[in-house]
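*Asks:* With the sequences and hints as input, model every part of the structure.
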Amino acid sequence: MSKLKAKAFALRQDVLDMIKHSGSGHIGGDFSVMDILVELYFQQMNVSPENRDDPNRDLFVLSKGHAVESYYAVLAAKGFFPVEEVVENFSVFGSPFIGHPNNKLPGIEMNSGSLGHGLPVCIGMALACRMDNRSNRIYTVMGDGELAEGSVWEAFMAGGHYHLANLCAVIDRNGLQISGTTEEVMAQENLAERIRAFHWNVINVADGNDIAELDAAFEAAKTVQDRPTCIIAHTVKGYAGGEIMEGKAAWHHKVPTDTEYEQISAELRRRKEAAENE
Amino acid sequence: MNKVPNRQAICDVLLESARGDKNIVVLCSDSRGSASMTPFFEAYPERSIEVGIAEQNLISISAGMAKCGKKPFAFSPASFLSTRSYEQAKIDVAYSNTNVKLIGISGGISYGALGMSHHSAQDIAVMSALPNMRVYLPSDRFQTAKLISALLEDTKPAYVRVGRNAVEDIYGEADCPFTMDKATVLSDGGDAAIIACGEMVRPALEAADQLRQHGIYATVLDMYCVKPLDSEAVIKAAEAAKLVVTVEEHAPFGGLGSMVSQVVGANCPRKVINMALPDSPVITGTSKEVFSYYGLDAEGIAKTIMENLGWQAM
Chain A
38 MSKLKAKAFA LRQDVLDMIK HSGSGHIGGD FSVMDILVEL YFQQMNVSPE
88 NRDDPNRDLF VLSKGHAVES YYAVLAAKGF FPVEEVVENF SVFGSPFIGH
138 PNNKLPGIEM NSGSLGHGLP VCIGMALACR MDNRSNRIYT VMGDGELAEG
188 SVWEAFMAGG HYHLANLCAV IDRNGLQISG TTEEVMAQEN LAERIRAFHW
238 NVINVADGND IAELDAAFEA AKTVQDRPTC IIAHTVKGYA GGEIMEGKAA
288 WHHKVPTDTE YEQISAELRR RKEAAENE
Chain B
217 MNKVPNRQAI CDVLLESARG DKNIVVLCSD SRGSASMTPF FEAYPERSIE
267 VGIAEQNLIS ISAGMAKCGK KPFAFSPASF LSTRSYEQAK IDVAYSNTNV
317 KLIGISGGIS YGALGMSHHS AQDIAVMSAL PNMRVYLPSD RFQTAKLISA
367 LLEDTKPAYV RVGRNAVEDI YGEADCPFTM DKATVLSDGG DAAIIACGEM
417 VRPALEAADQ LRQHGIYATV LDMYCVKPLD SEAVIKAAEA AKLVVTVEEH
467 APFGGLGSMV SQVVGANCPR KVINMALPDS PVITGTSKEV FSYYGLDAEG
517 IAKTIMENLG WQAM
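Protein sequence lines correspond, in order, to chains A and B.
For the first sequence, my numbering assigns the number 38 to the initial residue and increments by one for each residue that follows.
For the second sequence, my numbering assigns the number 217 to the initial residue and increments by one for each residue that follows.
If you are wondering where the hints come from, they were derived from the structure by calculation, not from laboratory data.
Reference listing, derived: stretches of chain A covered by chain B, where coverage requires no fewer than 3 residues with Cβ under 8 angstroms from a Cβ of chain B: (1) 141-151; (2) 154-160; (3) 165-176; (4) 186-195.
In the PhoX-like style, the derived pairs of lysine-lysine whose C-alpha atoms are separated by at most 25 angstroms in a straight line are: (5) B/LYS372 with B/LYS398; (6) B/LYS372 with A/LYS141; (7) B/LYS362 with B/LYS398; (8) A/LYS141 with B/LYS443.
Where is the CB? At the ideal position from N, CA and C, for every residue including glycine.
*Replies:* Given below as structure tokens:
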């Protein structure tokens with residue numbers, strides 16, 4: 038577990054490098070979601086470059102597609118493409134590594150970018166896999182600001198209606214979106230109750246940046262047989278970026294200055310070493 | 217008079233094909249009745265998905281199923297399917313390039329007096345603007361069946377629009393020439409080229425008959441494949457004619473007329489008249505009444521051609 042924690046800090050450095058090198062990206066959401074992606078790709082999901090066409094592989098859709106830098110870092114660490122190639126080419130002219138997920142790249146199932154698409158698409162995947170009696174699981178990660186999209190609730194409705202126990206949705210609940218807090222912009226209070234009302238199993242993860250807590254939640258989700266699970270992971274936007282960045286809406290898509298880059302890198306190194314020594 | 221609407225022809229093909237292909241799935245948004253898909257839901261309940269009145273979800277769920285190897289046919293009134301869920305068609309079908317066949321039922325002004333909310337006069341324009349998306353408006357039940365059979369053979373996205381009511385046959389069961397993405401030439405003539413799609417093919421053909429009585433000879437193309445447009449057939453017909461007339465049940469912008477005009481303008485400049493619905497909510501009435509009011513019937517088409525060829529109108 039401490040290895041995975043350390044990995045999540047190391048992969049944030051890759052994200053920082055992509056963003057610094059290209060001068061663009063969504064660093065705040067990248068840093069809040071990284072631990073969720075690491076837990077999914079290195080602990081939960083049966084996905085690798087070797088089985089990428091296996092119909093029984095687990096399926097993942099990054100619904101908050103703007104966190105693509107973290108997604109690239111994780112896919113690179115899984116061996117889908119070299120991370121140096123991503124850092125070098127992210128967002129540059131003619132690059133395959135564009136600013137949102139696209140399925141021309143190995144390891145990416147569906148294109149995203151506009152919000153409110155991941156969960157509905159995953160409903161279709163879960164229905165199809167269940168139809169074929171497959172034992173794989175379907176995962177999506179959404180942002181919390183994304184929940185204002187009506188299509189998300191169409192999908193919550195369908196997931197409950199069809200009892201899709203092979204489906205697990207994760208909400209990266211960092212509480213911030215581009216204009217401010219989610220509660221100011223469009224309130225999500227009683228979120229767990231709202232989703233439970235659609236006949237979903239809901240698990241609150243108090244520290245959504247803690248891989249051990251996330252692991253327990255994903256394991257618990259697998260034991261539920263009659264309904265889909267939604268994990269509400271309470272994360273910190275800009276997590277592990279240090280005081281200058283953590284919990285600040287302004288870092289939604291800010292590009293760090295040279296000084297900030299050094300500060301954030303030092304913080305990531307410090308946390309990675311601490312995790313390794315745990 | 218034929219009593220079988222084109223949507224019924226789609227159901228018949230899918231019912232037959234589903235016997236040998238378990239991956240064919242049908243999705244409806246509380247629209248199985250209007251889609252004529254109730255027989256499929258009854259025959260294959262395990263392969264029929266009801267999503268409720270949620271057209272966005274309809275398309276995204278279809279895309280997810282396609283990603284997992286299914287061959288989804290998503291049915292919803294063309295008005296809602298094409299604009300309510302346009303972004304899902306753009307992202308989850310066209311951009312992700314999933315094998316989803318979008319079937320817009322009750323297309324055009326099929327719903328007559330129900331008003332602009334229920335009319336799809338923009339669907340050709342919006343769907344054609346999406347990369348990877350193909351757009352088809354078959355003219356009769358036999359061609360519809362051939363088209364659906366052809367679409368079952370490929371794995372690319374497509375949008376198909378059919379009307380609500382049965383339309384008179386253009387072809388016969390054993391006499392329906394069909395080549396995928398190639399227009400069907402219904403008549404040959406050197407005076408005018410009439411290029412039509414969907415339910416406008418029948419009045420175009422009848423207009424050509426009327427014109428012939430006046431010694432005016434028109435080529436009639438059934439351009440069911442609006443995208444990819446059969447440019448070769450357009451150029452050939454236009455080159456041989458003094459005048460090109462397009463006829464479509466669609467807004468005057470971005471549809472068959474716009475596309476034909478682009479091709480003719482670039483390759484063999486001729487006068488092109490685009491006959492279409494107006495740039496406004498259409499007048500209240502049945503399809504027949506509305507078509508007649510806007511000149512989208514045999515008489516209106518023939519009159520337009522005669523006038524533009526310098527003949528005195530009938």
